[in-house]
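Protein chains in written order, with this note's numbering: chain A, -17 to 528; chain B, -13 to 285; chain C, 280 to 616.
Rather than coming from a laboratory, the hints here were simulated on the basis of the structure.
Errors might be hidden in some of the hints.
Said to hold, decoys possible - Across the chosen pairs, the derived CB separations fall in these ranges:
(1) Gln127(A) with Thr288(C): 51 to 61 Å
(2) Ala369(C) with Lys400(A): 44 to 54 Å
(3) Thr288(C) with Gly181(B): 28 to 38 Å
(4) Ala369(C) with Lys74(A): 49 to 59 Å
These numbers come from a predicted model, not from an experiment.
For glycine and all other residues, C-beta sits at the position ideal for the given N, C-alpha and C.
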Amino acid sequence: MYLLKAKGIYTSLYFLRAIKLVKAMSRKILIGVILIAVIVAAIVATFLLQKKEKVIVIGTTDPPVHLDPAKAYEFMSCEVIYNVFDTLVRLKPGTLQIEPGLAEKWEFKDNGAAIVFYLRKGVKFHDGTELTAHVVKYSIERALQLKGDPSWLISEFIEDVKVVDKYTVEFKLKEPFAPILSVFTFTVFAPVSPEAVKKLGNDTFDVKPVGTGPFKVVDFKKDQYVILERFEDYWDKSRLPKLKKIIIKIFKDSTTLRLALEKGEVDIAFRHLSVEDLQALKGKSSIIVEEKPSLQIRYLVFNIGNFTMFKDVKVRQAIAYAIDRDAIVKKVFKGAASKIYSLVNPNFDWCYKPVFEKYDLERSEALAEAVKLLREAGYSENKPLKFTLWYTTDHYGPKEADVAQCIKEALEETGLIKVDLRGLTWSEFINKLESYEMECFLLGWYPDYVDPDNYLYPFLYSSTSGPVFSCWYSNPEVDQTLVKARQTADLEERAYYYSIVQEYLAKDVPYIPLWSQNQNIAYRNNIKGVSLEPSMILWFWPLDKS
Amino acid sequence: MESLIFFKNFFKAFSKVRSLEEKMLRIGLVLATALILIAVLAPYIAPYNPIEMYIGAPYTPPCPQHLFGTDSMGRDVFSRVIYGTRSALMVAVISAAFAFAIGIPLGLISGYVGGVFDRVVTLIMDALYAFPSLVMALAIAVALNPGGSASVFSIILNTAIAISVVYIPSYFRVIRATTLSVKENLYVEAAKAIGAPPFKIVLKYIAPNAVNPAIPIICMNFADAILTAAGLSFLGIGLPPFYPDWGVDVSKGWKDIPNGVWWTSFFPGLMIFLATLAFMLISDALVEYLNPRKERLRP
Amino acid sequence: MSLKKFILTRLFLTPFMVLILLTLVFFILRILPGDPVRVAVGPKLPPEYVKKICHELGLDKPIIVQYFDYLWSLLHGDFGKSLITRRSFANELIDRFKASVELAIASIIVAIPLGLFIGDVSAKYEGSPLAHLARLFTVATYSIPVFWLGIIFQVVFGIWLGILPITGGPPPMVKYSVRAITGFTTLDCLLNGDFIGFAECIRHLILPAVTLGVVISGIIGKVSRNALVEVMHLDYVTAAKARGLPEKIIHDKYIFRNALIPIITIIGLQLALLLGGAILTETTFDYPGLGTYLKDAVLSRDYTVVQAAVTLYAIMVAVISFIVDIIYAFLDPRIRY
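Required output: the full structure, derived from the provided sequences and hints.
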């Protein structure tokens, strides 16, 4: 009906109707207003009545999965375990050196083929069980029997565990292995309470573990939170926690974590704040951001064994020249990463050799070198080198695709290379890795034990380089040198061997070391005791809130 | 015959804008046409390569060179949004085609044949129909593309298949209901009496009647496909992160908001909204059109 | 068909519906290429470990045997073990499910009044600008990507105004310290007399619930409008009008009550959709519900968990649609199959 009316009347009618409507609705509106008022009152009330218990909330985007040392292999799981358990020997805070942990002292026997630990007396588990040599033996055997992800670290090196007396335990090694003590710092070697395992069963122990460490786990909800409480009877009085409770809250992404930190819902943001969020946080006066080099290395792998184009060392060298590390570090990571020139992490200053520096020339020079090598290898504008660069979309953070794109652009600058990008989820990536189907891919590495051996041996030793990394690098000289380096305890001698290996690495280019992302932590300025360790472990016991 | 009325109404929408439905239909059609044009002409409309990094400085706010600004890697958001239309519409078209091709024959046969076959199919379809579509799409998308190793096109195809599975019951239900009611008509009975083969009866006498009710569903299917595809890529299942896609861009762009960068997520989100809205408007208006009750309602 | 017979038939059909969905999901997830266990345990383990795990989880048997094993263990309420953690996850699943139900109820509380209001307005004042606005609102809510709307709410209320937390779900301390009676944290807080905890829970619920509620209110609005309009033009309403009954009485007593049936149905259907459609909302607000649980499982390719979560959805859908059908049959004596 109204459609037929003239425009003017039409509009005024609209208004009249609207006014009538509002009047008719006034009762409903009143109810609505009251409802909203109640909600607002509730919100205000929570602000005013908030409990003021001193608790530190650590936010992370990296969820712990297992809290049982026999099963934990992911970083954050181990991180929690380091604070809930103790190992026989541990890393000295602020360094990568070994210091006594549950073992007061130790000695090597049989030319390094066995090691005897003398345990501290009177160490108690959270449930009151005492730590003895039997417990240590039990824990190692249990880990082996459960065959969790980290159990290979035991089976690879340890032949046998022997109880000498109540407080003395002897480990027989498969063969002398120089960095064995750093292996012992890994969480899988942490003694667990046999009583608790018996009482709870393996599945529950994985969620409510009982260790000897400064904190005990009181509640763990996967992908939500972990609540830790101070263990009052902790043996190491110098490491008695300052605060009664620590909460680890898991966030789905860096941005949510960062906002929670800004609003004070979280006191510490540890692991995986994005580059952009870190930069933004740096400008805030109430928040302190710390950055340090990490133990991570990121590199490119060539499948030399299965793909003919990469059998030619000139091609690999050309790619080493053409890659632009500066672009990756500055453009993609905006300075939150550092360039690396060897597979050995630069943190190991006693043996790190920046062997790949020779490829990192001025851009035009580097391109010229790359073009020269490619032409020698028989490629031209009409017949460019074509290959697929594989990367994983969900394992190394959100920047991976950008890195791949960046590498593609740098390589194609030569005009002789054509790169196809393929992003896979981590699971599919692993599948492809194991079926050796990828010719060239981006991978990353965190050490299982903090020693340069772990950065070179698995990559370059002929029997592991193929199956593990699908690289199939094999050089008898390198093999021999790597084995020699494992068998001597003398650091200088080992450094010499590793320098030889690294020279070969730069000459043969089976891998191209690219960058190492910095570790970082951001926390509110009323939090004390936060320190970034070279080992990347965050110790909870010194944390305090003012 | 009914389709004739439909087309008459359809054209009336352009002659005189009268009711809300007609306005909605018009807005919807204009939006949809624009989207299709954008998708087809993307290379000519987009000023830059959507995946090339550092085309402008990162986080350039919207300006004449970069209409929708640039993202964290200096990619042009406008170009990405334009190219994103392609994958969205591709998913929509393919999923509608699949669902149409399976749902309609199934509905016709099930409705016509009846009996146990009809019972079983209806039960399956009912189960599927009530099931949350995103959950099903999630499961299917993962099963079809477990590692995300597939090429971009096959990811789009898989997403489309996942969505179409969820949509088959919608076609099925409507077509089956139509078939059941048409089946009782005299001319069908007559055809049967003459001895026309069932195949011919279904194709010639029943199928044409099923076209009308299917049209709003196609539009709804389009709208839902765009929304579901965006949802899947928002969840991180689907297209690779650098590929221009609205869902991917919203989930990535949201991370920039706390830094005051709203344009990287706002525009792709707006596009999802507009694209879905276009087809929803058409579908909504058509439902009213094809609803006979409407005639009675007119003042 | 009598009501009793109808209910019995419906009751009989419900398990079949669940079974169909279960079977579908099971086989969809098992036609996968690749080895889910290999994928889950990572690259560093030798093949014999993988074999052992496969054996532990029963994945080395033929698929048909696995299928019946699966059904059998489901009958015992056993969902199996997660491929990633290799622990049984039934507790986690139920915990997440309860959180999702909490969110669903909260958003229904938002959606019903809003939806009815909108439907009412657009039916009652048909042709007026307000009704047009209401109509457009319903179409818009259906078209808007939930996550985008959620993000907008987060930005406005969480970041600009800073009055509400941007993440959903009860804070860990509340959840940990409150004694679990029902498992629904918000309710538990109330039952324990922890009003601060309760307010905290509500505060964290508001944004996700409103986001989801707004989206659902559109559909409720649309259906209730159609129902109301339908009833409005029925003869007995015209008769009542002719008799000169006050408009308010006609509206409340004659129209609204009779339009309730389809509205209730759609609310029931929405409840099922809610539980699924909430995946995006839960993800946006990082809410620890079944949706995020499923999403995480999908992303980490934890097939047993995906299967279990989808199964739970299937059971819920079947049960809810059963209940809705029964209510429907009770309300409208004309409806029989």
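Non-conforming hints, listed in increasing numerical order:
Per hint list: single violation, 4.
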